[in-house]
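Line by line, the protein sequences are chains A and B.
Number 73 in the working numbering belongs to position 73 of the first sequence; there are no gaps in the numbering.
Number 9 in the working numbering belongs to position 9 of the second sequence; there are no gaps in the numbering.
A portion of the hints provided could be inaccurate.
[As the list claims (entries may be wrong)] Under the rule of at most 27 Å between Cα atoms (straight-line distance), these lysine-lysine pairs were calculated in the BS3-like manner:
no.	chain 1	residue 1	chain 2	residue 2
1	B	Lys199	A	Lys40
2	B	Lys206	B	Lys5
3	A	Lys167	A	Lys116
4	A	Lys40	A	Lys167
5	A	Lys167	B	Lys97
6	A	Lys116	A	Lys40
7	B	Lys97	A	Lys116
[As the list claims (entries may be wrong)] Now the in silico label distances, taken between C-beta atoms and shown as ranges:
no.	chain 1	residue 1	chain 2	residue 2	range
8	A	Arg230	B	Pro183	18 to 24 Å
9	B	Lys206	A	Ala49	53 to 59 Å
10	A	Gln253	B	Cys27	29 to 35 Å
Treat the hints as calculated values from the structure; they're not laboratory data.
Every residue gets a Cβ at the ideal spot worked out from N, C-alpha and C, and that includes glycine.
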Amino acid sequence: MSEAVSKDNTLRALGVALAVAFVCALLVSVIAVSLRPIYKANVEAERIAQLELVLAALSDIGRTQTIDSLEARLVDLATGEFDESIDPATYDAVRAASRPATSVAIPADLDLAGLKRRALLAQVYLVRASDNSVDLIIMPVSGRGYQSTLRAWLVLDGDARTVRALKFYQHGETPGVGARIEEPEWEAQWRDLSAYDDDGVLRIGVRTHAGGGYSDDAQYQVDGISGATRTAQGVDGMLRFWLGEFGFEPFLQRVREGQL
Amino acid sequence: MQDSKWRILTRPLIDDNPLTLQILGICSALAVTTSLDTALLMSFVVVCVLALGSGSVSLIRNHLPHSVRIIVQITIIASLVIVVDQVLQAYAFELSKRLSVFVGLIITNCIVLGRAEGFAMRNGFVASVLDGIGNGLGYSLILILVGAIREFFGKGSLLNVQILIPTTQGGAFEPLHLMLLPPSAFFIIGGIIWVIRRKRPQQVEKPEFTLRNLEEGSK
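One chain only, chain A, in its complex shape (with noise of 0.2 Å):
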């Protein structure tokens, strides 16, 4: 009895509760820091194999390209000129969204992705026609989801304006739900999709609104994902971010000028 009495006094069950949380959070960290390098890696490979999964989609539409192939680009996002500064190869451009000096707040009212910040330069990828001139181009493309960050690549046509493909990389939404964005039936739906109109108004999107019905917009929009509306809504002011004028527009523009 003496013992249990003993046993229960605070300063005993603040040291016991203290020695306890020591040993978990060192344990926690030297894993976590040990296995870093591994899940690094991992993501990497995953975006790789992703970009080749791209590269398999077009050879469909006859366009079998090879990774080495491509032709990587750094492009500074507010210029929409290439950056040469750097080896595309050794771009992190998660880090680079997340650091002061090298990206920049997103206006509130610009920021349909719900990113707050992105990159100054953005890796794309041109593939190249045997007259040089710019036949596809890949571009990475990330917003906010339901409950997580969506990544994925897109893939226009060298008129920079139709969509030959969406393929998502990265997500972690709700399995069986809003994880349907990557499913081929889904994905399918891109193909092909003008993103403009004939005044080269951006009209791109996802039909999620219940009521609405077929709009004007709907030859340039993808059906929804029943239960997932937020994740659609995701993914549609993703694309609507990153092909406007905070986004990709301004490199897009040079692409439609031929001066790539």
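On the provided structure of chain A, position chain B as indicated by the hints.
Only chain B this time, still in chain A's reference frame:
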């Protein structure tokens, strides 16, 4: 407490199964059993966490003040789950992506805390580890069974090896898409519980309420 070591290990398999008798851990059982490989990985993770969690709690049980015991147990369990999650992300990246949040949610799996509080606090290290492994295996047994049934009837495959050829590829098998949705796990677990209780009637609970005879009630 007087049980032999072998009994501690085997009793939770059927006689005292955490899923079918105690109805604990249902949430994760619904979520990760769409295919056999995720069910297997989840089973492995839960066995590890249960064994290590119960073992660690048992080791420090005599130094654990009563007032803070639950929070200390949860701290230990949470740390173990984070460690296992990190290991999975490093060495089983593809599968861990498919298990997504459910590895993290093992922290809130009632089985883990239930065994730490209900068994490990009052038993020695070896018995607690065995109890953890036993309960983990009991959970795994149901998970693997449900995962196998759902993958087989939902996709016609087991461990991603196609066994029945679906109609979309020219075969004669029409996949049951319901099997890939969470409600099907409810039906299957319900069916398993029914079968077990037919064989072991002592598991059937006494009804808490009985309907009065309507004839008598109206008079």
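Hints and how they fare:
no.	hint	result
1	Lys199/B x Lys40/A	50 Å, violated
2	Lys206/B x Lys5/B	30 Å, violated
3	Lys167/A x Lys116/A	23 Å, holds
4	Lys40/A x Lys167/A	20 Å, holds
5	Lys167/A x Lys97/B	17 Å, holds
6	Lys116/A x Lys40/A	24 Å, holds
7	Lys97/B x Lys116/A	26 Å, holds
8	Arg230/A x Pro183/B: 18 to 24 Å	22 Å, holds
9	Lys206/B x Ala49/A: 53 to 59 Å	56 Å, holds
10	Gln253/A x Cys27/B: 29 to 35 Å	50 Å, violated
Comparing the model with each numbered hint stated earlier shows that hints 1, 2, 10 do not hold.
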